[in-house]
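Need the complex rebuilt from these two chains, each delivered in its own frame; the hints are there to steer you.
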Amino acid sequence: MNWDWSAVGDFMPRLWDGVLLTLQALVLGSLIAFTLGLVWAMAQRSSLKIVSWPVTALTEFIRNTPLLVQLFFLYFVLPEWNVTFSALVTGVIGLGLHYSTYTAEVYRAGIDGVPVGQWEACTALSLPRSRTWSAVILPQAIRRVVPALGNYVIAMLKDSPMIATIGALEMLGQARQFSAETFQPTEPITVIGVVFILIAYPASLLMRALERRLVH
Amino acid sequence: MSTDSSTSKETKNPAADGSELIEFKDVTKRFGSNVVLDNLCFNVASGKHVTLIGPSGSGKTTILRLLMTLLKPEEGTIKVAGDYLTHEERGGKLVPAGERHSREVRKKIGMVFQQFNLFPNMRVLRNITEAPVHVLGLSKDEAEQRARELLELVGLTEHIDKYPTQLSGGQQQRVAIARALAMRPQVLLLDEVTSALDPELVAGVLDVLRDIAHTTDITMLCVTHEMNFARDISDDVLMFDAGRVIESGSPEKIFSDPEHERTREFLSAVL
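Note that the protein sequences, when read in sequence, are chains W and H. Numbers 175 to 390, taken from this note's numbering, label the letters of the first sequence in order. Numbers 735 to 1005, taken from this note's numbering, label the letters of the second sequence in order.
If you're looking for bench data, these hints aren't it; they were derived computationally from the structure. Heads up, a few of these hints could be off.
[Unchecked claim] What follows is a set of in silico ranges between Cβ atoms, one per label pair, in the way DEER data are often shown:
id, chain 1, residue 1, chain 2, residue 2, range
1, H, Glu808, W, Arg382, 47 to 53 angstroms
2, W, Trp255, H, Lys896, 55 to 61 angstroms
3, H, Lys874, W, Gln198, 38 to 44 angstroms
Glycine included, C-beta positions come from ideal geometry on N, C-alpha and C.
Next comes chain H alone, as it looks inside the complex (with noise of 0.2 angstroms):
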C-alpha cells in the first residue's frame, strides 16, 4: 500500500508483499451535481483478494466501471500494472488515452456483471472463444481448447453447445466467469454476480468463485454482499461510504472488531 499524495484521506490498506496493481490517485467521480467517489485514492497489491462493502450508492461499483472504462473519472489517475489506464503519457504530458491505448489497458482486466451480460446469439463455447480469437488473436483450435478447460473449472461441460438462454441464471453465470478468464486477465473484477440469481443458485456460483481465489494468483476486486464469501476469499476489505474508504482491513478485523462507527451499523444491517 502508498500513500500517494498529501490530499489523499484514506488508505489503510495493509501492507501488500506484491507490487501494485490497481492503483487510485485522487479520483473524483461525479453524475452531475452528486460526487460519488470523492478524492479516492487506494491500492491494491498484485495478487490480492479485495472485497469492497458500503451501503448502495457509497461508489463501489463505480469503481470497478471507472477500472473497466465503462465510466470516466472526472479527476484524478488509475493506474493498472503501472500504466495508465484512462491517460497517457504523450511528450512528458499526461493527456486523455485514446481509444487504443485504453484497450490495450483494459486487456489486463476482466469483469463478471450482475446480468451476467452472455452474447444471446453465440452458444456457450462462442461466449467463451469470441473475444481469446478476435482480440488476442488465439487460433480457433487454442481458444476452444481454453473454453472446454475453463468450462469443466466452473462445471459446465455438458452445456457446451447450448445457447445463454437455455441455462439457469447460476449457469448463465458460471459461463461469464469462464468467458473473463478466457482472456486471462490479471484482474477480475466481480460486480455484486449473485445479486441477480435465486437464492439457490448463489451457493454454485459462489463456490466457483471460492476454487478460482484459492488455486490461481489472479487479482481479484469483488463488490457484493455476501458477507460470508468476503470473509472466505478476502485478503482485505475496504468499507466504503459516501464515496470514500472509511475503514481497510483484513475481514477478520472488519466484521468482528470494526472500528468505525458506520461500518458497525452497515454490518449489522446485512449480517
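Looking at chain W on its own, in the form it has when it is part of the complex (with noise of 0.2 angstroms):
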C-alpha cells in the first residue's frame, strides 16, 4: 500500500466542504435534540395522560428503531406522501429526532434528581407551573446534565456519517466521492478519520471539564 500525499492535497477541497457539511449537521441537529428532547421530558412528566402517553409511546419507538431506517423513511417514505426534504434538511431532522429521544432521558433524570423540597418551596411561595419550571427546576436539572448532553453531541458526530447513505456529502460521503473518482480510496478516509478525531477528542476533553465544574 502506498501513501500518495499529492492524493491528500487534491482531496483537501473536497474534505473542507465536507467538514462544514458536517458541523453544520452536527450543530442544527444538537439544538433540536436540545430542545425537542427537553420537551419530550417535560411532556412525559404530565399529568395528562393524553399528553404523557403518546409521548412516552412515541419517544419509546423511536430510541428503540434504527436511525439508518428512519433516515431512509424520512428521505424516501416521505416523499409519498408530497412531503419533500433536502438530504441535509433530513439529515438534520433525523439525527435530531433521533437523538432527541435520547436527550429527553438526560433531562428526566436531571429532573428526577431535583430535591422534591424545591418542588415544595415553589408550592409554598404559589409560584406559578411555568415559573416553577423556567426559574427553578430547568436551571438546576440542566446543570447537572450538561456533560451528558455533550457526550450525546460527540455520538452524534459519530453517527453524521450516516447521512450520507441518503446523499449528504458531509464527510465520508466526500471521501466516498473521490475514492470513487480516482480510485484512491486509502488517504481521504485515512484523512477523515484523522479529522473526526480532531474534532471528538478535544470535545470530549471539554466535557471532561465542564463535568468537573458543573456537577459536585
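Given below as C-alpha cells:
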C-alpha cells in the first residue's frame, strides 16, 4: 500500500466542504435534539395521560428503531405523501429527532434529581407552574446534565456519516466520492478519520472539564 | 375556638379574641391503611401563635403540609381566613378545589421547612424577590426594598449577594424565613425549622422567630421540639397523639401541669 500525499492535497477542497456539512448537521441536529428532548421530558411528566402516554410511546419507538431506518423513512417514504426535504435537512431532522429521545432521558434524570423540597418551596411560595419550571427546576436540572448532553453531541458526530447514505455529502460522503473517482480510497478515508478524532477528542476533553465545573 | 360538629373529638382551645383564621373540620388523612389524622377538628384564631407538640408520627407535620396543600385530606374540610382551602363552592356545592383556587388561598400562607429548601441557583436576594415579583406582581425595586428590610430583620444584610451554599445552615434558614415573610402571609408555618441545624446555630434562628412573634401580628403554627422556644412564643400548645389533639392549653399549663398521662410522658422524654 502506497501513501500518496498528492492525493491528500487533491482531497483537501472536498474535505473542507465535507467538514462544513458535518458541522452544520451536528450543530442543527444538536439544537433540535436539545429542544425537542426537553419538550419530551416535560411532556412525559405531565399529569395528563393524553399528553404523557403518546409522547412516551413515540419516544420509545424512535429510540428503539435504527437511525438509518429513520433516515431512509424520512428521505424515501415521506415523499410518497408529498413531503420532501433536501438530503441535508432530512439528515438534520433525522439526527435531531433520533437523539432527542436520548436527551429526553438525560433531562428526565436531571429533573428527577432536583430534590422534592424545591417543588414544595415553589408551592409554598405559590409560584405558577411555568415559573417553577423555568426559574427553579430546569436551571438546576440542566446544570447537572450538561456533560451528559455533551456526550450525546459527540455520539451524534460519530453517527453523522449515516446521512451520507441519503446523499448528504458530509465528510464520509466526500471521501467516498473522491475515492470512486480517483481509485485512491486510502488517503481520503484516513484523512477523515483523523479529522473526526481532531473534533471529537478536544470536545470530550471539554465535556470532562465542564463536568468538573458543573457537577458537584 | 369552636366545636363545629357533634363528631368533633377534641377541641379545647382557649377562647380566642380574633376571628378564626384556620379551621380544621373533621379532617382525616391516611397514608395507605395508616390513619395519620383522625377526624381532627381545631381552630386557630387570627394573630395567635400555636405550637403543635407530640411524639413523631402523631400527625403534627401532616397538619402543616395539608395547610400548604402539599398533601390532600381524604375527608373533612380546611378553611383559611374563611375560604375553603382544598375545596371550592360551585353552584352551592362543595367540590375539590382547582389549582387556581388553591393557589389564591395558599397565598395567605407561608412555610419554613426543616431543610430550608432555598433555591441553590439563585442568590439570596433573588430567593426572596422571586415570588413577590412573579406572584404578587411587585416591581423589581419594590421587591428588593422589601427583601432588604427583611434581611435586616434576620441579620443577614451583608450576605445579600451570596448563594445559599455559601451560607451556614442557620443563615440559610434565616433567609428562608425572610423569603416566606416577603409574601406577607397571614399565617406562617414552621416545620421543625431548627431540627436540621447544628446545635450552635439554633439560637440565632429562634431569636429571629421570637422577634417576629413578638413584633408582628402574624399567625404562627409551629411544629418544634424546642420546648423553651414553644413556651416563649406560644399562646396555645396542642398536644397530639395518634392523629388527635389529646390536650391543649396555655404553655404554662401544658408544660407545668399537664392533665393527660401521654403529655406527661412525652414532656418528661423531651425536656
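Verification of the supplied hints:
no.	hint	verdict
1	H:Glu808 with W:Arg382: 47 to 53 angstroms	holds, 51 angstroms
2	W:Trp255 with H:Lys896: 55 to 61 angstroms	holds, 58 angstroms
3	H:Lys874 with W:Gln198: 38 to 44 angstroms	holds, 41 angstroms
Against the hints set out earlier in the document, no violation occurs for any number.
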